[in-house]
Structures are given as C-alpha cells and as structure tokens.
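Asks: Each chain is listed here by its residues.
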Amino acid sequence: MATIGLHEVSKVFPNGHIAVRQLTLDVENGELLVLVGPSGCGKSTVLRLIAGLETPSSGRIVIGGRDVTSEPPQNRDVAMVFQSYALYPHKTVRENLAFALRVRRVDPADIDARVKKTAAALGIETLLDRKPGQLSGGQRQRTALGRAIVREPQAFLLDEPLSNLDPVLRLGTRTELALLHRRLNATMIYVTHDQEEAMTLGTRVAVMRQGIVEQLAPPLEIFRRPANVFVAGFVGSPAMNLWPAEVTQGRLKAAPANIMEMAAASDGPVTIGVRPHDIDLVAQGDGDGSGDVEIVEPVGATTVVHLRVDGLADQLIRVAVPADTTVRVNERVYFRLRRDRLHLFDARSGARMTDVR
Amino acid sequence: MRGRWTFAAGLCTVAIVLPLLWAVLASVTPEERLFTNTSLVPRGLVLDHYRALFAGRDFWTPIRNSLIVAGTTTLLSVALGAVSAYALARLDFRGKTPALAFVLAVSMFPQISIVSPLFLLLRELRLLNTYGGLVLPYLTFSMPLAIWLLVGFFRQLPADLEDAAMVDGASRIRTLWEIVLPLARPALATTAILTFLYSWNEFLFALSFTLGPERYTVPVAIALFRGQYQVPWGEILAGAVVATLPVAVIVFAAQRRIIAGLTSGAVKG
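In the order they appear, the protein sequences are chains A and B. Just so you know, the numbering used here puts 104 at position 104 of the first sequence, and the rest follows in order with no gaps. Just so you know, the numbering used here puts 1144 at position 144 of the second sequence, and the rest follows in order with no gaps.
No lab work stands behind these hints, which were simulated from the structure alone.
Derived DEER-like restraints, expressed as beta-carbon distance ranges:
1) A/244 to B/1155: 46 to 54 Å
2) A/12 to B/1104: 28 to 36 Å
3) A/163 to B/1155: 21 to 29 Å
Over 10 Å on every C-beta distance to chain B, these chain A residues come out as not near it, computed from the model:
4) 110
5) 121
6) 128
7) 152
8) 184
9) 193
10) 217
11) 225
12) 310
13) 336
Okay, the calculated bits of chain A under chain B, using three or more residues with CB under 8 Å as the criterion:
14) 68–74
15) 84–94
We put the beta carbon where it would ideally sit given N, CA and C, even for glycine.
Looking at chain A on its own, in the form it has when it is part of the complex (with noise of 0.2 Å):
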C-alpha cells in the first residue's frame, strides 16, 4: 500500500475543456478518500489520471514516493474498477482475476491459489467457470472488485462502483466495501457523485466542482463546516436552506427571523444556511417565523415539509420533523432555527464566514 500525491495537477482536453485546476491533493496510506461532485466536474479525470489513462498538461503525480507522471498505466500498479466494470466478456471469470497476474508473469500455481483465495473472499467461488454475460449485476461487480483486489496493488481507484446496481444491492455492497478497505487496509481513491455514499464510506471527502476542490475534510467536518455555499448545498439530504440576509452594524438581518442577535464579523450580504434538520416546527410565538405548507414528503423516519414563508416570496424552506407530527397541506405553522446550527456565507464569494454562535 502507498500514498498517492498530485501536484498542481491540471488537464485541458484537446478541445478546451479544462477538466482539472491546479490540483493538488495528498492521499495517505490506508486511507479512503472520495472524489464526490456533480457530473462533469472532474473527478473521474483524476482518477484516469492517477491510473495513468490520461496524461497531465502540467503537474506531477507520485504514487509510493516514485515520481510516475511520464509512466504509462501498465507501470504503475494500482488497480482500477470502471463504472461499467468492463469485465473481458469472452474470458471467464477465472480468466478475468487471472488476467493481470499473467501478464505479470507469475506462477501458475501461485496464481491459481490467489484467484481461489479472492473469489471466496468474495463468494463468487462458484462462478469462476462462467462467463460476465451468464452473471447477474452484482457479481459482475464482484467480479470486477476481485480483479482488483487479486492483484493486491499499491492502490484501488474506484470509478462509481455501485452506479450500476440496484438500490437494495447498492447499500449492502457499500457497507461490504467498507469492511474490505478495513480488512485490506489499502489506500482507496473513490469517485461517486453520490453524497450519501462519500459521507458513509470516506476516510476523508473531497468536494469537488468545476475542476477544483471546494472542500477536503473528514465526512462529518464538510457536514457540520461546510467551507462555501456550494458544499453547503451539496452535501446532505434535503438538502440545506439557503437564502439571502443582510448584516449591518454587527447584527444579522434574514427575512424570516427579523433581527438575530449575532455577532458577524463585517457588514454586508451574505447568504444564511440551515440545514432541514435544525429548523423545529414550535408553537405560536415561540418561533422565528412562520410559513403555509405546500408540500409534505414522507421519507420514512423523518417527514420534509415544504414551506412557503413570509418574506421569502421565491423559495421553500425545507424542514424535517419527525414522522409522526401531523401536517396538512396549506396549514400555517411556525417555526424556530436552532441558533449553534446556522451558517453564514459571504454572499459574494460564497466562503464560509467566522462560526456564529
């Protein structure tokens, strides 16, 4: 297992598109880091890079303390597993496991107990006879995971692994994936565009967009500090309230809640954020504001209710509350912000302001 280390790496394709900024990230040994962000906004492109499939317009890439910015993918060693899996279709799975080590000329016989060894491991002993078109989705994806893991390489890159399995299938691979890089211990680059799935299964997130990383911290820190509005709104499910205030002389001006008492570091707009579940529904009076309900989703433990609040005409306030509160369409309620959960962004910049209290 190795560290894995990108410096000031960038990718303009051919044809103009800049995929990655600049990029410099440290990924220690044993570690899980996952890429996450909206589509297109680079992450599989650092995973291609890192495997070699691309080459950097500028940078460097050091995997293990060697320098191997100029290597091709084959020298490389680190192992990779494609969204689309893209199992050889005419080897069989024995095959497919066996593949890499023959190439890497090793023994026979020592090959053969590897593949035995990572096919149980993964409870696809049964099917190394068979072909990937006579597989089902999830032992393909099996599959795939043993060529990687076969190998024991100096890292796995991992490109949306789960994407293509179905949602049962999905979590109880994802916790099946974290139990292996326990026992593995191996340095992981995971790339998924699934929130949720980065927050359960990284050691540490990178948020990504646009080529940049926006954030890189551990899960819960990008939850409770998110370090801009993007990440903000990114990160977590519903997602977090966002709407614009003012402050001046000191004093926090938002629309639903007139006046907070809170300290702000310097005049001028800035974006509030709380997150759906820090906002409780309360009685009449004791609340920041109050709004009618437009819409009320039940997502088994918690309910979102949509609210459309005084003041802020073109936007809904998303609250979670419990399942069983009862709330019916078009009801007024009322409602307060717990005070130690807000987030202040610079409006102009989106950056994360001094912690608010």
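Fit chain B to the supplied structure of chain A, relying on the hints for placement.
Replies: Positioned in the frame of chain A, the structure of chain B alone reads:
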C-alpha cells in the same frame, strides 16, 4: 401488405437463384442438347463437362493458383488491416484523419486506369507471372476495405475494456491480441470473407499480370476456355460451378460467427 412483401421477396429470390440453377443444370447437360433442351426439369444428366474440365484441361492448376492468391491476400489484409485499423481507431497521432482519407482515396482509382502503370512496375520488379505480382495489387484494393471495416468496428468497442487491460499491466500489443482481436472475430470474419470473395473473383489484374496457364487463376482460365471456332459452354459452366463452391462453403461456415453477439456481458447496457 404482408402478402405483397412476400411476393416481392419471392420474386427476388427466383431472380437470383434461377440463373444459378440454370448454370448447374447446363453443366450436367450433354453438349449437343445445350441449345435444344429448354426444360428446367433435368433429364439424361452426364458429368462429361466436369470430366473434361479436370482430365482434359488441368483445371486443378487455376484452382490452386486462385486459392494461393486469394488466401494470401486475405491473410495479409486481415492481419495488416487489423493492426493498422486499431492504430487509426485508438491511438493519438498527427495526421490520423488525412491518413484515413488517403486510404479511402487509394481504393477509388478505377482498376482499368492503373493496369498499365502496375504492369510496368511489376515488370521492373520482376513480379510478372508470380503469385506476389497478384497479391500485392490485390492488397491495394482489399486493405482499404479491411481498414475501413475494422476501424468502424474497433471504434464501437467499449474503450473501458482496453483501459482495464492496460491498468492490469498489459501492453498495447497484448491488449490488441488478447482483448480486442477475440472480440473483433465477427468483424475479422466479415473482412476476410469480403477480401476472399474479391480476390477469388478478380479478373482484370489476373488477366493482365499472368502470362501462362501455370499462373492463371480460375476466372482467367474459364475466360480462356473459348477456342477460335467454338465456345465450350458446358465446360465454362462446369468451371463456374466449381469456382462458386469454395466461396459458398466459406460463407456458410462463417455465417454463424458473424451473427453471434460476442460482446454481450462486457459492460452494462
């Protein structure tokens, strides 16, 4: 509507099959009855024409020549075509698009316009009346065909497979050999059949660049059956039937391989 289509399809089939049937029947009809018997129902069949073909004329030599020339052309154009097409489909290099256009342009010259220059060239190279003297000109026509067919096929193979193989440690060549070519078998078979058909049937070059019966190919040999005072139609048709056989056998043998969807299960969707 459906009935009309069936009728049209039937008509086409008859139009294609009838001349073939006629040729087969004529080849086993005695010479003296060829132009008197217009019945489609065969009777009084003889193998005289075939006997004359192989005993009287040594038809084996042109068959052997054709097999060697068409076989070599097919092997070379599939092998070289696959490698060239893979490079054109997957590698990044300067002048790729012009190269493809050039390959196509080469095949656009009318054959008759290059016969004379090719004759002079082959004479200088002392390749007239040799197998090489036919295989080389055939390649100029079959390679563009092979390259264009295979480039199209390689481009639609999922690139992930090759990426996976290279991350697994395989070189480009090994990836081509172990991953791409096995998956390209249907396309390779199609290319091989078309190339073989073309080289087997080719007449103009074969007529111009061979000088004696020891190098005649099947079409040339059949064309030269015609004597000064008579045309031996029976033998010509027997020769045509014999010439059709290997082609028919190859097409039927390869048909299944062409249809089989070999890439199923590689990637989702």
